[in-house]
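Protein chains: 2
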Amino acid sequence: MSSYDSHPSNEEKPGWKGYVEWEKYPEKKDAAHNILIRKKFSPIPEFQFVPLPKTNPILIGHRWKEYHQALGIGSIVDYSWEVVQKEKPDLIHVLDFPYNGETTRQQLMMGKLTDNKYHFVRNHGGVPDIDPDVYELEIGGLVKTPAKISLKDLMDPAKFPQVEATVTLQCSGTRRLEQIIQYPGDGDELINAPWGEGAIGTAVYRGVPLKKVLKYACGGVLPECGHLEFIGADTYFKKNNVYNYAVSVPWRKVRQNEEVILAWEMNGKPLPKIHGAPLRLVVTGYIGARSCKWVYRINALQEPSMGPVQSQEYLYYTSQIGKQNAKYSNGFSIQQMPVSSAIITPEDKQVIIHDGKVTLTGWAYSGGGNWVERVEVSPDGGSVWYAVDPDDLTEKHYHAWRLWKIDVPVDAEGWLEFCVRTWDSSNNTEPTFVRSAWNWDLHVTSSCHRIKLYSVNRSRPATAARLLELEAKGVEFDPLTRPLEFSLEPTESYFSAVRKHPREPRN
Amino acid sequence: MSSYDSHPSNEEKPGWKGYVEWEKYPEKKDAAHNILIRKKFSPIPEFQFVPLPKTNPILIGHRWKEYHQALGIGSIVDYSWEVVQKEKPDLIHVLDFPYNGETTRQQLMMGKLTDNKYHFVRNHGGVPDIDPDVYELEIGGLVKTPAKISLKDLMDPAKFPQVEATVTLQCSGTRRLEQIIQYPGDGDELINAPWGEGAIGTAVYRGVPLKKVLKYACGGVLPECGHLEFIGADTYFKKNNVYNYAVSVPWRKVRQNEEVILAWEMNGKPLPKIHGAPLRLVVTGYIGARSCKWVYRINALQEPSMGPVQSQEYLYYTSQIGKQNAKYSNGFSIQQMPVSSAIITPEDKQVIIHDGKVTLTGWAYSGGGNWVERVEVSPDGGSVWYAVDPDDLTEKHYHAWRLWKIDVPVDAEGWLEFCVRTWDSSNNTEPTFVRSAWNWDLHVTSSCHRIKLYSVNRSRPATAARLLELEAKGVEFDPLTRPLEFSLEPTESYFSAVRKHPREPRN
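Protein chains in written order, with the working numbering: chain A, 72 to 578; chain B, 72 to 578.
Treat the hints as calculated values from the structure; they're not laboratory data.
Honestly, I wouldn't trust all of these hints.
One copy or any two copies: either way a pair holds, since identical chains are not told apart in the list.
Keeping only pairs whose Cα atoms sit at most 30 Å apart, straight-line, the calculated DSSO-like set for lysine-lysine is [said to hold, decoys possible]:
| # | residue 1 | residue 2 |
| --- | --- | --- |
| 1 | 157 | 309 |
| 2 | 340 | 223 |
| 3 | 420 | 523 |
| 4 | 476 | 84 |
| 5 | 223 | 283 |
| 6 | 99 | 230 |
| 7 | 230 | 157 |
| 8 | 110 | 428 |
| 9 | 230 | 110 |
| 10 | 420 | 310 |
| 11 | 420 | 125 |
| 12 | 223 | 110 |
| 13 | 523 | 544 |
| 14 | 571 | 309 |
| 15 | 223 | 476 |
| 16 | 125 | 523 |
| 17 | 523 | 99 |
| 18 | 309 | 420 |
| 19 | 286 | 523 |
| 20 | 467 | 428 |
| 21 | 544 | 99 |
| 22 | 398 | 523 |
| 23 | 95 | 340 |
| 24 | 428 | 125 |
| 25 | 230 | 215 |
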């Protein structure tokens with residue numbers, strides 16, 4: 072029995088648990104607004120000017136939970152967490168509700184395809200529980216013939232041609248932490264998750280191109296149709312108003328067939344609930360937010376969706392825009408993702424004991440119709456670059472990342488700054504510093520990912536001797552900051568050195 | 072009654088409470104060593120890879136206290152804290168024992184001279200309580216005639232000519248935090264305090280030049296004398312050995328008269344206990360550590376002191392030296408301080424609402440015989456520089472800092488990086504980035520001090536309008552990350568903008 076069974080009132084339609092229809096009922100939205108403006112909700116936690124909690128979940132979505140509770144749909148909160156426990160027990164729970172789960176380093180590098188259990192999740196609302204047998208997709212707006220299609224019909228290859236596509240989905244907030252640490256930004260009402268490098272993942276999705284569905288089920292779109300709006304069964308909030316999740320992509324994108332898929336299968340398995348079961352959009356090369364989960368209605372529109380997620384969020388501002396002057400129209404809408412990459416191993420601030428070569432691994436990706444051509448790593452903060460051997464990159468796909476591995480020659484010792492940059496099939500590459508990419512809403516950290524490593528080069532005699540001394544004494548080198556308890560130098564050696572090169576000039 | 076009165080056993084000589092003589096008694100040192108190697112002491116706290124505690128005291132010197140307790144001289148710990156409470160109640164207690172206290176921003180900028188109550192303290196051991204009436208200074212080694220001089224004689228102007236000098240003393244660890252945050256380093260046994268910008272201060276000291284004392288009391292030094300070693304009454308520990316505090320400066324420095332003073336007065340008042348009463352050295356232009364407190368013996372030596380503070384610490388390593396290869400002889404000895412400066416107001420990460428000019432204040436200093444000639448501030452991270460007007464610098468002294476103030480024209484909004492650099496009388500200036508100055512022992516953070524400010528320029532109409540809107544709603548701009556609860560833009564304005572400049576190309 073799930074949380075929904077104890078609150079059957081949440082069913083909009085039989086078998087659609089946790090789905091509340093808002094967009095069709097303006098009076099219901101108004102009533103909800105009147106409830107919300109009268110309540111006091113927990114403030115958004117401050118996590119940018121202070122270090123992140125070391126807890127897991129890292130952040131707790133008190134406010135978002137309270138919104139649901141205020142409207143009597145608190146069971147959505149409980150059910151969502153039940154799904155997390157079942158489908159994503161091993162992720163880093165960056166935000167517990169709405170659920171934002173990050174893939175760990177080890178999980179990221181397991182292979183070209185991310186296991187469903189480990190694929191990151193960035194939800195904007197709670198998880199509904201929709202019975203596939205009663206599920207239907209409604210299509211309306213600027214189409215020749217509005218239609219309702221059951222999942223069974225949609226999955227019937229005789230009715231709609233199916234495709235499989237290897238697709239990387241990425242939250243536009245991937246690597247946001249790098250921006251936050253240097254320059255805090257918008258503390259959005261729905262927490263802009265402080266992601267590390269793991270808000271990205273790749274899967275093979277099976278479904279039908281939306282274009283084919285529009286054609287075969289609706290007779291095509293009308294000439295005025297410019298955008299397809301996707302409505303999800305999750306409930307969304309913005310400034311005391313309530314919505315169903317809504318985003319849109321241009322018709323021009325949908326026309327690219329396998330670039331906008333209605334998918335029910337992920338890596339050969341049924342789509343997990345947390346990823347949008349029974350049906351979701353998969354939009355290649357776009358920010359993950361456009362790949363609407365639990366989609367139940369598609370509207371063909373002339374202009375982009377006016378849903379807040381489309382028109383008021385995921386905006387990319389110039390660096391002089393902020394709290395003092397940000398509007399919805401003075402940032403451009405983030406649809407396609409640029410080229411970017413990340414070093415996954417080693418981790419920032421690790422000590423690396425090596426013999427003249429340091430091994431790095433990571434991912435590289437480009438959206439917007441481009442793929443990764445070359446990955447380069449710099450061991451000196453961005454001056455000298457070493458290219459990854461093509462043999463050490465995973466297979467090239469039109470719409471997916473490539474994992475990479477490189478052994479970088481390193482002579483120098485002490486703290487070194489490594490960074491990675493990627494060149495895509497349109498010859499785009501990444502800006503060198505995070506400052507170049509910073510923007511008020513902290514999206515798209517496309518600058519070179521950089522880490523600091525403490526290099527200990529065992530091929531140097533003095534270092535080899537110190538390491539042997541440590542070994543003989545049974546002392547670990549790590550942690551770096553733990554002082555050595557033995558003398559660093561015998562007195563004779565000290566005198567011989569400072570008498571040869573005296574501390575003060577002789578004259 | 073002080074802690075010492077309940078433990079009279081700590082008196083080495085009557086009236087010298089808390090002073091234990093180690094250097095004269097090798098067997099006593101050996102016995103102490105045998106006690107220390109048998110005990111387990113608390114580990115040094117890890118404060119570099121993790122954020123500093125928000126407590127005051129920030130760090131607790133458990134290990135150093137335990138060393139004292141193990142040798143039966145725990146009353147030194149208690150008495151020292153009593154002195155802190157009395158003489159330095161208002162400092163930032165960076166480390167409680169041995170006491171390291173930092174001057175606050177407000178206290179730093181009070182004027183050219185730092186009030187005794189607010190002057191920073193960096194002690195290496197506990198505070199002794201020496202009766203001035205029984206105090207005597209012993210001088211030996213490579214002098215014509217060894218001597219013992221009472222404080223009364225030393226203060227007799229008929230016997231020794233007195234001087235007053237305005238002197239800035241600075242811990243070589245000033246601004247160490249900037250190094251730690253970017254690249255952790257040596258976690259020394261005696262905690263290398265994570266100082267901010269306040270381990271510096273200026274006072275007028277009265278005393279007698281050491282040169283004159285050597286001349287009139289000892290008939291001068293022998294020709295072989297190259298260095299003067301100062302022994303302090305505080306107890307010091309290093310790798311399970313116990314010492315009296317010992318450092319040295321070259322005879323060549325001492326010859327400069329007022330550059331090495333034996334001082335008993337600070338800003339016209341008796342030297343506070345925590346600053347070395349009854350007598351201390353004041354060495355101009357050198358790191359504070361050479362200005363030995365509670366000095367009771369001076370040895371004229373051929374070579375620098377072999378005391379660990381002189382020969383094994385305060386070493387400046389090249390950036391490839393670290394835990395893997397550091398020795399005592401492969402870093403140079405830090406004696407003279409370079410040119411450096413700091414922005415004291417505003418603070419890092421503050422929001423500044425202004426009308427096109429931002430006011431900054433701070434200090435600038437150069438040691439090693441140089442003084443400050445020019446201070447420059449950059450509002451763009453180090454590309455364009457504005458010089459401080461000479462009228463806005465405090466008076467020039469040979470051995471002291473200058474406080475400065477500047478209004479920098481600022482048009483840009485959002486996060487800006489301000490930094491300061493100073494030019495001294497030898498035309499030295501500061502490296503631009505902390506990475507250029509980083510060294511394993513985290514000394515001498517001489518790189519341009521930089522802060523990030525969030526600039527809100529009220530002279531821009533859009534910003535002025537937003538600020539008025541906030542004011543009308545009674546909402547503060549700060550904290551920056553708190554989301555605005557009202558809509559950022561009316562729908563009409565949004566449509567008018569996105570229809571003029573559509574989200575997608577028209578064709």
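Checklist entry - Is the C-alpha distance from residue 467 to residue 428 at most 30 Å within one copy, between copies, in both cases, or in neither? => result within (27 Å within a copy, 52 Å between copies)
Next on the checklist: Treating 30 Å as the Cα threshold, decide for residue 95 and residue 340: within, between, both or neither.
Outcome noted: neither (33 Å within a copy, 81 Å between copies)
Next on the checklist: With identical chains, the pair residue 340 and residue 223 could be close in the same copy or across copies; at 30 Å between alpha carbons, which is it: within, between, both, or neither?
Outcome noted: within (16 Å within a copy, 92 Å between copies)
Checklist entry - Checking residue 223 and residue 476: alpha-carbon separation at most 30 Å within a copy, between copies, both or neither? => result neither (43 Å within a copy, 74 Å between copies)
Checklist entry - Between residue 223 and residue 283, at a C-alpha cutoff of 30 Å, which is it: within one copy, between copies, both, or neither? => result For residue 223 and residue 283, the Cα distance is within 30 Å only inside one copy (16 Å; across copies 102 Å).
Checklist entry - Should residue 544 paired with residue 99 be assigned to within, between, both, or neither, using CA atoms and 30 Å as the limit? => result between (73 Å within a copy, 28 Å between copies)
Item to check | Within, between, both or neither: residue 125, residue 523 at alpha-carbon 30 Å | outcome: For residue 125 and residue 523, the Cα distance is within 30 Å both inside one copy (21 Å) and across copies (26 Å).
Checklist entry - Checking residue 420 and residue 523: alpha-carbon separation at most 30 Å within a copy, between copies, both or neither? => result both (5 Å within a copy, 23 Å between copies)
Next on the checklist: At most 30 Å between alpha carbons: which applies to residue 223 and residue 110, within, between, both or neither?
Outcome noted: neither (43 Å within a copy, 75 Å between copies)
Item to check | Intra/inter-copy verdict for residue 420 and residue 310 if alpha-carbon distance must be at most 30 Å | outcome: For residue 420 and residue 310, only the inter-copy Cα distance (27 Å) is at most 30 Å; the intra-copy one is 40 Å.
Checklist entry - Given a CA cutoff of 30 Å, do residue 523 and residue 99 count as a within-copy pair, a between-copy pair, both, or neither? => result So residue 523 and residue 99 fail the 30 Å test inside a copy (53 Å) and across (46 Å) alike.
Checklist entry - Given a CA cutoff of 30 Å, do residue 99 and residue 230 count as a within-copy pair, a between-copy pair, both, or neither? => result For residue 99 and residue 230, the Cα distance exceeds 30 Å both inside one copy (37 Å) and across copies (96 Å).
Hint compliance for this structure: hints 4, 6, 7, 8, 9, 12, 15, 17, 19, 23, 24 are not met, and every other hint is.
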